[in-house]
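Here the protein sequences come in this chain order: Z and A.
For the first sequence, my numbering gives the first residue as 1, with consecutive numbering after it.
For the second sequence, my numbering gives the first residue as 404, with consecutive numbering after it.
There may be inaccurate statements among the hints.
What the hints assert, rightly or not - Which chain A residues face chain Z? A few, computed with CB under 7 Å, are given here: (1) G477; (2) S478; (3) F491; (4) T565; (5) L567; (6) E580; (7) S601; (8) S690; (9) C695; (10) V794; (11) Q795.
As the list claims (entries may be wrong) - Here are the simulated SDA-like cross-link-like pairs (lysine to any residue), alpha carbons at most 25 Å apart as the crow flies: (12) K632/A x F299/Z; (13) K388/Z x W762/A; (14) K805/A x E226/Z; (15) K225/Z x K632/A; (16) K353/Z x F299/Z.
None of these hints come from the bench; they were simulated from the model.
We put the CB at the ideal spot given by N, CA and C, even for glycine.
There are 2 protein chains.
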Amino acid sequence: MANCLVAQSGGPTSVINATLAGVVKGNQLNQVYDIVYGGLHGVEGILQEMLVDLTHMSEEENYVLRQTPASALGSCRYKLKRSNTADFERIFEVLEKYDIETMFYIGGNDSMDTVAALSEYAEAHGITNHRFVGCPKTVDNDLMVTDHCPGYGSAAKFIANTALQTWLDVNVYTREEVFVLETMGRDAGWLAASACLSGIVDLVVLPEVAFNKEVFLEEVRKSIKEKNKCYVVVSEGVRYADGTYLAAGEAKNDGFGHAVLGGAGNAVKNLILDSGAAKRVKVQDLSTAQRCHATDQSFVDVEESFKLGLSAHMRSADKGFTGMMVGVKRVEGDVYNVEYFATKASNVANHVKSFPVEWMLPNYRGVAKEALDYMRPLIEGSPVIRYKDGVQQYVVPFYMRKK
Amino acid sequence: MANCLVAQSGGPTSVINATLAGVVKGNQLNQVYDIVYGGLHGVEGILQEMLVDLTHMSEEENYVLRQTPASALGSCRYKLKRSNTADFERIFEVLEKYDIETMFYIGGNDSMDTVAALSEYAEAHGITNHRFVGCPKTVDNDLMVTDHCPGYGSAAKFIANTALQTWLDVNVYTREEVFVLETMGRDAGWLAASACLSGIVDLVVLPEVAFNKEVFLEEVRKSIKEKNKCYVVVSEGVRYADGTYLAAGEAKNDGFGHAVLGGAGNAVKNLILDSGAAKRVKVQDLSTAQRCHATDQSFVDVEESFKLGLSAHMRSADKGFTGMMVGVKRVEGDVYNVEYFATKASNVANHVKSFPVEWMLPNYRGVAKEALDYMRPLIEGSPVIRYKDGVQQYVVPFYMRKK
Chain Z
1 MANCLVAQSG GPTSVINATL AGVVKGNQLN QVYDIVYGGL HGVEGILQEM
51 LVDLTHMSEE ENYVLRQTPA SALGSCRYKL KRSNTADFER IFEVLEKYDI
101 ETMFYIGGND SMDTVAALSE YAEAHGITNH RFVGCPKTVD NDLMVTDHCP
151 GYGSAAKFIA NTALQTWLDV NVYTREEVFV LETMGRDAGW LAASACLSGI
201 VDLVVLPEVA FNKEVFLEEV RKSIKEKNKC YVVVSEGVRY ADGTYLAAGE
251 AKNDGFGHAV LGGAGNAVKN LILDSGAAKR VKVQDLSTAQ RCHATDQSFV
301 DVEESFKLGL SAHMRSADKG FTGMMVGVKR VEGDVYNVEY FATKASNVAN
351 HVKSFPVEWM LPNYRGVAKE ALDYMRPLIE GSPVIRYKDG VQQYVVPFYM
401 RKK
Chain A
404 MANCLVAQSG GPTSVINATL AGVVKGNQLN QVYDIVYGGL HGVEGILQEM
454 LVDLTHMSEE ENYVLRQTPA SALGSCRYKL KRSNTADFER IFEVLEKYDI
504 ETMFYIGGND SMDTVAALSE YAEAHGITNH RFVGCPKTVD NDLMVTDHCP
554 GYGSAAKFIA NTALQTWLDV NVYTREEVFV LETMGRDAGW LAASACLSGI
604 VDLVVLPEVA FNKEVFLEEV RKSIKEKNKC YVVVSEGVRY ADGTYLAAGE
654 AKNDGFGHAV LGGAGNAVKN LILDSGAAKR VKVQDLSTAQ RCHATDQSFV
704 DVEESFKLGL SAHMRSADKG FTGMMVGVKR VEGDVYNVEY FATKASNVAN
754 HVKSFPVEWM LPNYRGVAKE ALDYMRPLIE GSPVIRYKDG VQQYVVPFYM
804 RKK
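One chain only, chain Z, in its complex shape (with noise of 0.2 Å):
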C-alpha cells in the first residue's frame, strides 16, 4: 500500500478543514493508503518536505479539526508556474520519496489549475504512480461546474446573521442613517447578495455590473425619503463601466495578478455624504471575519465540506482517478440534497462563476427568489461547536507544532 497527502492553499474558510477531516476519516474508515500525510504550507512547504503524519488522529481532534476555521496546514498563495520544470521535478522527487500515491489538493481556482498542471505534467512524462485530486473551497462560490463551494455557506450565514443585526441596530435611533456593509467579493458578488437571506437589505451593488453612481444614489435618496434609512450592501470588487475599482485608491497586488481590494464601504459613504443624499453614513468593513467566524458555521457548510473529503478518498481508490476536482451536485426536488461528482479541475481552474445578472432586480434592489432559493438552503443548521471557557476550541495548526 502507498501512501497520500493531503494539502491545502489559498484564503482561508471557516471549514476548510472539514475537507481534511474528511479526507483523513475516509481513511480511517477504510484504509486505502498506509499513512496520510498533512503537506505544510501547500506546495510551498511540499517543496520542501514539510510534511507531518496525519493517519491516526483521535475522533476528538478530527471532530474539532471541522470547527478550526483557517488551514490548519498553513496555506500559500506560490502559484506553480507550468514553465518552471524545475518546481515540477522536486514535486515528484518528494512524492517519489514519501511514497506518495495521490495528493489531495484543497483550494480554490489557482489550486485546481495546479491540480490540472500535476497531472498533465505525469501524462506528459508517463508518470502512473503519483496521482492529483482537486477538493474546491472558497467563501467566494465562484468556481464553475460545482453547484457551490464549501465555505460559502458558513460566510453567508455570517454575512446575512451580522446585516440583520446591524440593521436592528442602525434602527435604534429616529435619525437619518445609511449604513454601509461591505464584504469580499473580487469578482462575483455571491457574498454581497448573501446579506439579502437577512430580509432587510434596500439595496445591493454587486461587481457583475458596472456601478452606475446617479442610480444608486437616486436610491438611496427614495429610501431615506420614505422610511429615513438606507441598508446597503456593496461587494469589495465594485467597479465604474471603465473598469475602476470604487476603492481605487486603495487598491494594490497581490502578486498573483489580483488586486487586493478594501474601501468600497468608505467609497459609498464618501459618494453619499458628498452628494447630500443622506447626513450620516455608518460603514461596518467584514473584512477577515466573514471567512474564519467559525462560531457562525452552517451545518450544511461543515456536512458537506466533510462528506466531499470522504468522496475525494473514497474515489480515488480508483487507480485512474487524477486531474479531478471533486463537486458538490444539487438534486432536484423539494427537499434540498446534494450529490458528490468529479470533474476535471481544468474545467474549474483559471475561471470565475459569477452572480447571474437576470437573478440582480433592478435598481440595486435586492436579489430575485431564484438567488433566495439558491442560497437558503447552504445556511441552514448550526452544528454543536465546543468552547472551553467561552472561546471555541481550536486544533493547534500543525505548522505550529513543534517537530
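Could you slot chain A onto chain Z? The hints should help.
This is chain A only, laid out in the frame that chain Z set:
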C-alpha cells in the same frame, strides 16, 4: 394598581432586550402593575407619548426578545438637561396621564443620570407617586459600583472568539504580517482587554495609559523578529500623552460632548508601515457588529440581564424604591456566582470605571491573570439561539410596528 413604563437609551448591546424581557416577565410572574408600557425611543419618545403595551407578551416572544440585539423599544441620545424644566414637567405629565408609578430606564452612564435627575426632581417637588429605576447596560463595561455591566459579556465573547479566528487566519501564510484588531472603548479598555481571553494576543493597547509609540513599535519589531507575526488589539479611544487620539483624523462629536471615534486600527497600521517595523499590516475594525452579534451571546450575560430585569421589577414593589440602579455583585467563592443589589443611580451617573492599570502588563504585553479571572466567567456558555432558515429569529422592533 398603577402601571409601569420601561424604556431604553444609549448604544445597543446584544442583550439589552433581555432586561426588558425580565421586567415584562417579572410582572407576569408577580403582578405589581396593571399595565407594563414600553416607551419608544427613550425619553425622546416618552415626551411624545410614544407608548406600547407589553403586559401580555407571549412566552415565545419573550424568549426571542432575549436573543434580539439592539433596543427593541428604540433608543435615543437625547440628554435631559436639569435646566430644561419644560421637559421635566412634560414627562411627569405623561406619567400622570398613563398612571405610571414606576419608570424603568435601561441604559448606560447618561441614562443613570436621567434616573437620578428625574428622582431628584420628584423629591424636590414633593412628588411621591412616580418613581425611577435604572438598569445598567453597556458593552463598554465602564459603569461604577456594579461588578460588571450586562452587554459586556456577549461583546467580550464575540471579540475573544473573533480574535482567535482571525489569528488562525493570519497565521496560515508564512509571510511577515501584523494583524490589528480594533475594538470599541472610548475611555475604558474592557473590550480590547477581552480579546486576551483568546490566549493569542501579542500586544494590547488600552486607552487608560498614554500611548508610547516607541515602546509599542519596539514590541512589534520583537514579535516580528521572533515569529514573523504580531497580533495587536487596539481600543478606539487610545490617546497620546498630549490627549490627541490615535484616530485623531476621524474624530467627530456626537452631541453629548463625546468624540465619535474610529480609525485607531488604521492609525496603528500606518505607524507600523511608516516605521518599517513590519512590511504588511491587516486591520479588522469590529465596529457595530461587536455590540450586536447576538448569535455569539454569552449565556451568563443573557441570564444575568434577564434576571436583573426581574430583580428591578420585584424591588420596585417597595414604594420607597426610587433613584436607584440595580447592579450585579460578584459573590466570593470558588464558583462564579452573582447577587443583584441596588445603589443610588447618582453613584453611577457621569462616572467611568477604567480598566485597572495594575491589570495591564508592561509594554502592551497583555493583561494580568486577575483580569482574565475577572472576565472569563462573563463569556461562559451559549444560549440556544432560535433560527429560521439560517438567520436568527428576532422580535420586530416595537417602534417599527404599525399602530
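Consistency of the hints with the structure:
Interface hint status for G477/A: upheld, as the beta-carbon distance to the closest one in chain Z is roughly 5 Å, under 7 Å. Taken as an interface hint, S478/A checks out: its beta carbon lies about 4 Å from the nearest beta carbon of chain Z, inside 7 Å. Contact between F491/A and chain Z, as hinted, is not supported at the beta carbon level, the nearest pair being about 21 Å apart and thus beyond 7 Å. A hinted interface residue such as T565/A counts as satisfied when its beta carbon comes closer than 7 Å to some beta carbon of chain Z; here the least separation is about 5 Å, so the hint holds.
The interface hint given for L567/A holds, since its Cβ lies 6 Å from the closest Cβ of chain Z, which is under the 7 Å cut-off. Restraint check, E580/A versus chain Z: the minimum CB separation of about 11 Å is more than 7 Å; hint violated. The criterion of a C-beta within 7 Å of any C-beta in chain Z is met by S601/A, whose closest approach is roughly 6 Å, and the hint holds. Among the interface hints, the one on S690/A holds; its C-beta lies about 5 Å from the nearest C-beta in chain Z, closer than the 7 Å criterion.
For C695/A, the shortest C-beta to C-beta distance to chain Z is roughly 4 Å, which falls under 7 Å, so the interface hint holds. Annotation: interface hint on V794/A holds; nearest CB of chain Z at approximately 5 Å, less than 7 Å. Taking 7 Å as the C-beta cut-off, the interface hint given for Q795/A holds, the closest approach to chain Z being about 6 Å. Between K632/A and F299/Z the alpha-carbon distance is near 32 Å, which puts this suggested pair outside the 25 Å criterion.
Our distance criterion of 25 Å between C-alpha atoms is met by K388/Z and W762/A, whose separation comes to about 23 Å. For a cut-off of 25 Å, the pair hint linking K805/A to E226/Z stands: about 15 Å separates their Cα positions. Restraint check for K225/Z and K632/A: not satisfied, since their Cα atoms lie roughly 48 Å apart, outside the 25 Å limit. Proposed proximity of K353/Z and F299/Z is supported: the alpha carbons are some 24 Å apart, at most 25 Å.
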